[in-house]
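Enquirer: Here's the letter readout for the chains.
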Amino acid sequence: QKEVEQNSGPLSVPEGAIASLNCTYSDRGSQSFFWYRQYSGKSPELIMSIYSNGDKEDGRFTAQLNKASQYVSLLIRDSQPSDSATYLCAVNLSRGYNFNKFYFGSGTKLNVKP
Amino acid sequence: GAVVSQHPSRVICKSGTSVKIECRSLDFQATTMFWYRQFPKQSLMLMATSNEGSKATYEQGVEKDKFLINHASLTLSTLTVTSAHPEDSSFYICSARDGGHEQYFGPGTRLTVT
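As given, the protein sequences belong to chains B and U, one line each in that order.
Numbering-wise (the working numbering), the first sequence opens with residue 1 and increments by one.
Numbering-wise (the working numbering), the second sequence opens with residue 1001 and increments by one.
It is worth saying that the hints were derived from the structure and are not from the lab.
Mixed in with the good hints, there may be bad ones.
To be verified - Part of the chain U face toward chain B, derived, beta carbon under 10 Å:
#1 Gln1006
#2 Pro1008
#3 Val1011
#4 Ile1012
#5 Lys1014
#6 Thr1032
#7 Gln1038
#8 Phe1039
#9 Gln1042
#10 Thr1057
#11 Ser1089
#12 Ile1093
#13 Cys1094
#14 Gln1103
#15 Gly1106
Glycine residues also receive a C-beta, built at the ideal position from the N, C-alpha and C atoms.
With the rest of the complex left out, here is chain B:
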């Protein structure tokens, strides 16, 4: 079982719709959760971090964390063609020996159609 699982997609949504990206993780001790956006041929860019259960909003982006279900999601409201990219979920145990151990999902490719 992979530490972080994501549906590879592609997820296609029309412009203006809400895109919902999901991620599950295996280690219940995980403390920190991140969403990165990666455009083709470019390096990942941090767009959201979340550390406690619930929702965290930043502009058009909302990250949702449910530690009981070991589930983290990213909602993109009013999706734009420029949001078309691969979204990577990352998880960090954030303590002790594992402070520097990040696990990345394989990414979900999002296509926003004009």
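Fit chain U to the supplied structure of chain B, relying on the hints for placement.
Expert: Relative to chain B, chain U alone:
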């Protein structure tokens, strides 16, 4: 804030030669730096983790004698690919964290070995 640079952005070298890639944190001190490799249409693969002044910790299957990592200061880490071969052609990306929870990526270096 949290800007990480890499140099060079692209490099082409001949088989058997060595290539050095630099990773710098421009506006923060990076207690930890990471080196990743990404092949086309594949996910990020962590190669090694380095802390300033310490030996790098390599992931299983990564040859430490082939991929030399030096983290000589809190703002600079280097990756040297020794005796490069065509199969080493890839997108190499560094990232850094400042002791906080988040990890910031450099723009990447595309290596082509002919």
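Enquirer: Work down the list of hints and note, for each, if the structure agrees.
Expert: Going down the list of hints, with the structure as the test:
The restraint placing Gln1006/U at the interface with chain B holds, with a minimum CB-CB distance near 8 Å, inside the 10 Å limit. Using the Cβ-Cβ criterion of 10 Å, the hint placing Pro1008/U at the interface with chain B is not satisfied: the shortest such distance is roughly 14 Å. Below 10 Å, beta-carbon pairs count as interface contacts, and Val1011/U has none with chain B, the closest being about 16 Å; its hint is therefore violated. Given hint, Ile1012/U at the interface with chain B, is violated; its Cβ is 16 Å from that chain's nearest Cβ, farther than 10 Å.
For Lys1014/U, the interface hint is violated, the least distance from its beta-carbon to any beta-carbon of chain B being 24 Å, above 10 Å. Hint status for Thr1032/U: holds, given a least beta-carbon distance of 5 Å to chain B, under 10 Å. The criterion of a C-beta within 10 Å of any C-beta in chain B is met by Gln1038/U, whose closest approach is roughly 9 Å, and the hint holds. Using the Cβ-Cβ criterion of 10 Å, the hint placing Phe1039/U at the interface with chain B is not satisfied: the shortest such distance is roughly 12 Å.
Given hint, Gln1042/U at the interface with chain B, holds; its Cβ is 8 Å from that chain's nearest Cβ, closer than 10 Å. Interface restraint check for Thr1057/U: the shortest CB-CB distance to chain B comes to about 8 Å, inside 10 Å, so the restraint holds. Using the Cβ-Cβ criterion of 10 Å, the hint placing Ser1089/U at the interface with chain B is not satisfied: the shortest such distance is roughly 14 Å. A hinted interface residue such as Ile1093/U counts as satisfied when its beta carbon comes closer than 10 Å to some beta carbon of chain B; here the least separation is about 5 Å, so the hint holds.
The beta carbon of Cys1094/U comes within 9 Å of a beta carbon in chain B, closer than 10 Å, and the hint placing it at the interface holds. A hinted interface residue such as Gln1103/U counts as satisfied when its beta carbon comes closer than 10 Å to some beta carbon of chain B; here the least separation is about 6 Å, so the hint holds. A distance limit of 10 Å between C-beta atoms decides the matter here; for Gly1106/U the minimum to chain B is near 6 Å, and the interface restraint holds.
Violation of the numbered hints given earlier is confined to hints 2, 3, 4, 5, 8 and 11; the remaining hints are satisfied by the structure.
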